[in-house]
Amino acid sequence: MIRLLVIRHAPTEWTLAGRLQGRTDTALAPKAADYLAAISLPPPFDQAPCYASPLRRAMETARRLGRKPVVDDNLIEMDWGAWEGLSFQEASARLDPSKRHFGLDYAAPGGESPRDVQNRLLPFLHRLDGFGGDALAVSHKGVIRALYALAVGWTMESKPPDKLDFKAGQLFAFDQRDGLRLKRLNVPLNGRPA
Numbered sequence: 001m002i003r004l005l006v007i008r009h010a011p012t013e014w015t016l017a018g019r020l021q022g023r024t025d026t027a028l029a030p031k032a033a034d035y036l037a038a039i040s041l042p043p044p045f046d047q048a049p050c051y052a053s054p055l056r057r058a059m060e061t062a063r064r065l066g067r068k069p070v071v072d073d074n075l076i077e078m079d080w081g082a083w084e085g086l087s088f089q090e091a092s093a094r095l096d097p098s099k100r101h102f103g104l105d106y107a108a109p110g111g112e113s114p115r116d117v118q119n120r121l122l123p124f125l126h127r128l129d130g131f132g133g134d135a136l137a138v139s140h141k142g143v144i145r146a147l148y149a150l151a152v153g154w155t156m157e158s159k160p161p162d163k164l165d166f167k168a169g170q171l172f173a174f175d176q177r178d179g180l181r182l183k184r185l186n187v188p189l190n191g192r193p194a
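Position 194 of the sequence shown, counting from 1, maps to 194 under the numbering used here, and the rest follow consecutively.
Just so you know, these hints were derived from the structure itself, not from any lab.
Keep in mind it's a predicted model, so treat the numbers as computed, not measured.
Among the clues, some could well be false.
[Stated by the list, open to error] DSS-like cross-link-like pairs, simulated, lysine-lysine; straight-line CA separation at most 27 Å:
| # | residue 1 | residue 2 |
| --- | --- | --- |
| 1 | Lys-31 | Lys-183 |
| 2 | Lys-141 | Lys-68 |
| 3 | Lys-167 | Lys-183 |
| 4 | Lys-159 | Lys-141 |
| 5 | Lys-163 | Lys-183 |
| 6 | Lys-183 | Lys-159 |
| 7 | Lys-167 | Lys-141 |
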């Protein structure tokens, strides 16, 4: 079994503006320095192996937290296709008016669905389970939402059952027998044990 603490990258200008970044490789915003100075990873994840999305914003976040991340392409943000750069409101306006939420199988034109993201995360989880122990992943909001949905059975056709704080960590457990489970929601990044 593994325990995996997943955190979101520090803010970019697009994050602050509420724009869908997807695979667009944006850098951290100048404000990210203050944001990262206030973060302290909780033990034992402050010393656990660290994995990160190949996108600059995730890699930079991991490095500025004093970690030497192993790049894992499966942790890359959801591909928003033709909607990259749009605000969430602009993207929502392109939905069929009868839909209030995207759902696991909805994909923007030329993009990925959350279920696609879940399917590409499974090999990463199986690989980590082979090592056992604890691990840290620096990734993206879309990836964290996909993991959360997989762990709790949320179909994304309604509001999530819990409020996710993307300035906190989300702690999951995974093993071959039981699959992915949510261990703890919204783990404070204040240096106290998880």
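We went through each hint and held it up to the structure:
no., hint, in the structure
1, Lys-31 - Lys-183, "violated (31 Å)"
2, Lys-141 - Lys-68, "holds (21 Å)"
3, Lys-167 - Lys-183, "holds (17 Å)"
4, Lys-159 - Lys-141, "holds (15 Å)"
5, Lys-163 - Lys-183, "holds (15 Å)"
6, Lys-183 - Lys-159, "holds (20 Å)"
7, Lys-167 - Lys-141, "holds (10 Å)"
Checked against the numbered hints given earlier, the structure breaks only hint 1 and satisfies all the rest.
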